[in-house]
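Sequence positions in the sequence shown follow the numbering used here and run 7 to 322.
Since the hints were derived computationally from the structure, they do not count as laboratory data. Computed from a prediction, not measured in an experiment: that's the story for all the values here. Take these hints with a grain of salt, some might be off.
Straight-line distance between alpha carbons at most 30 Å, and here's what the computed DSS-like set of lysine-lysine pairs gives [claimed, not checked]:
| id | residue 1 | residue 2 |
| --- | --- | --- |
| 1 | LYS271 | LYS287 |
| 2 | LYS183 | LYS271 |
| 3 | LYS271 | LYS228 |
| 4 | LYS271 | LYS212 |
Distance ranges between label pairs, derived from CB positions [claimed, not checked]:
| id | residue 1 | residue 2 | range |
| --- | --- | --- | --- |
| 5 | TYR115 | ASN50 | 29 to 37 Å |
| 6 | THR116 | LEU286 | 29 to 37 Å |
| 7 | ASN194 | PRO253 | 18 to 26 Å |
| 8 | ASN300 | PHE59 | 16 to 24 Å |
| 9 | GLU56 | THR227 | 56 to 64 Å |
| 10 | GLN219 | ILE252 | 17 to 25 Å |
| 11 | HIS202 | ASN320 | 55 to 63 Å |
| 12 | GLU280 | GLN196 | 56 to 64 Å |
| 13 | GLU19 | HIS221 | 37 to 45 Å |
| 14 | SER214 | LYS287 | 43 to 51 Å |
Positions of the beta carbon are idealized from the N, C-alpha and C atoms, including for glycine.
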Amino acid sequence: MYRELSAITNEQELPVLAFYSVDRSSKSISEKIDEARLKKQSLNRFNAYEDVFRNQSKNNYFIQQYIVLNNLAESGEPSYQKHLQLVNQAIESAVPDISNLHIYRNSGYTEIKLDSFDNRINFAQLSQGQKTLAAMIGDLALRMISLNPKMDIPLQASGIVLIDEIDLHLHPSSQQKIIPHLQKTFKNLQWIITTHSPHVLSTVDKESIRMIQFHEGYAITKTPEFQSRGVISSSVLEQIMGTHAIPDVEESYWVSKYQSLIQNKLWESEEAKELYSRLLKHFGTNHPVIDELNGLMRLEKLKQNYENKKQEANRA
């Protein structure tokens with residue numbers, strides 16, 4: 007094995023292997039990193055395979071890595087300048103609503119500044135989901151760069167990346183973007199990802215989904231029959247995840263009951279009037295649920311008027 011590894015030249019592509027568990031959102035880590043350590047890591051390509059399963063993407067560890075990498079880049083070494091540029095490129099491409107990262111020292115201490123939602127903020131001010139995702143992407147990019155420093159575009163190297171709960175702490179809008187962004191940023195990686203988010207699944211083709219189920223005491227995997235990519239999240243929730251989009255609460259029963267009264271042409275009944283008043287108080291006049299109920303009532307009234315005119319015409 008040693009002879010085989012030693013025979014690999016710097017020009018040969020090495021695949022990346024990485025695993026990120028739910029512990030990646032941890033705020034602290036005891037290890038420190040300095041310029042000597044980062045330089046040592048970059049001297050041997052195989053160092054990128056160290057600590058693959060130790061979740062080194064924790065937030066403050068990434069901040070240390072980024073600051074040290076920036077210091078090395080500022081020293082004038084072209085290789086580190088390229089590395090910093092690629093890390094920034096990866097984060098800005100894969101993490102929604104983050105751009106223009108750079109080191110800021112005027113406050114008396116070193117910090118990472120960036121643009122997010124048209125605001126200039128500190129890295130620490132990002133949401134937990136954005137920080138966790140940025141740290142993970144930064145760690146992955148550094149591993150790919152270390153493995154293939156001679157490649158024109160190291161971020162296009164191949165490899166396998168495992169991520170547990172990709173939606174961890176992410177806003178639903180970011181959950182809908184994360185898979186396409188990862189695929190755009192790292193074009194040749196194979197992703198093995200877990201999620202409990204219908205928003206994530208709505209961006210993935212059904213052929214790429216495996217549902218883990220238990221049958222007679224054994225875990226089995228199943229590909230859904232329902233196409234998920236490009237589908238509204240509530241449909242994914244119901245058809246693939248087996249969960250009703252409307253929760254089992256009292257207010258949803260009111261809606262169902264009022265719909266039944268309308269369909270039975272009982273909207274003028276005292277029960278219907280009392281129930282409609284209760285629904286208005288709960289949802290408000292401009293709520294989509296109220297709009298839908300009003301639309302259903304108008305439709306039923308049109309049907310009734312049509313039937314009445316039809317009966318009058320027959321009698322004439």
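Evaluation of the provided hints:
With a C-alpha separation of about 23 Å, the suggested pairing of LYS271 with LYS287 holds against the 30 Å cut-off. Taking the CA atoms of LYS183 and LYS271, the gap is about 45 Å. The hint is violated against a cut of 30 Å. Distance check on the hinted pair: LYS271 and LYS228 sit about 45 Å apart at the alpha-carbon level, beyond 30 Å; violated. Restraint check for LYS271 and LYS212: not satisfied, since their Cα atoms lie roughly 42 Å apart, outside the 30 Å limit.
A C-beta distance of roughly 32 Å is found between TYR115 and ASN50, which places it inside the suggested range of 29 to 37 Å. Taking the beta carbon of each, THR116 and LEU286 are about 56 Å apart, not inside 29 to 37 Å as hinted. For the pair ASN194 and PRO253, the beta carbons lie near 41 Å from each other, so the given range of 18 to 26 Å is not met. Look at ASN300 against PHE59: about 56 Å separates their beta carbons, and that is not inside 16 to 24 Å.
The given range of 56 to 64 Å is broken by GLU56 and THR227, whose C-beta atoms sit roughly 31 Å from each other. In this structure the supplied range 17 to 25 Å holds for GLN219 paired with ILE252, their Cβ-Cβ distance being about 24 Å. Between HIS202 and ASN320 the beta carbons are some 58 Å apart, a value that agrees with the proposed interval 55 to 63 Å. Between GLU280 and GLN196 the beta carbons are some 58 Å apart, a value that agrees with the proposed interval 56 to 64 Å.
GLU19 and HIS221 have their C-beta atoms about 41 Å apart, which keeps the hinted 37 to 45 Å range intact. A hinted range of 43 to 51 Å holds for the C-beta pair SER214 and LYS287, which are about 45 Å apart.
In the structure shown, a violation is registered for the earlier hints numbered 2, 3, 4, 6, 7, 8, 9, in ascending order.
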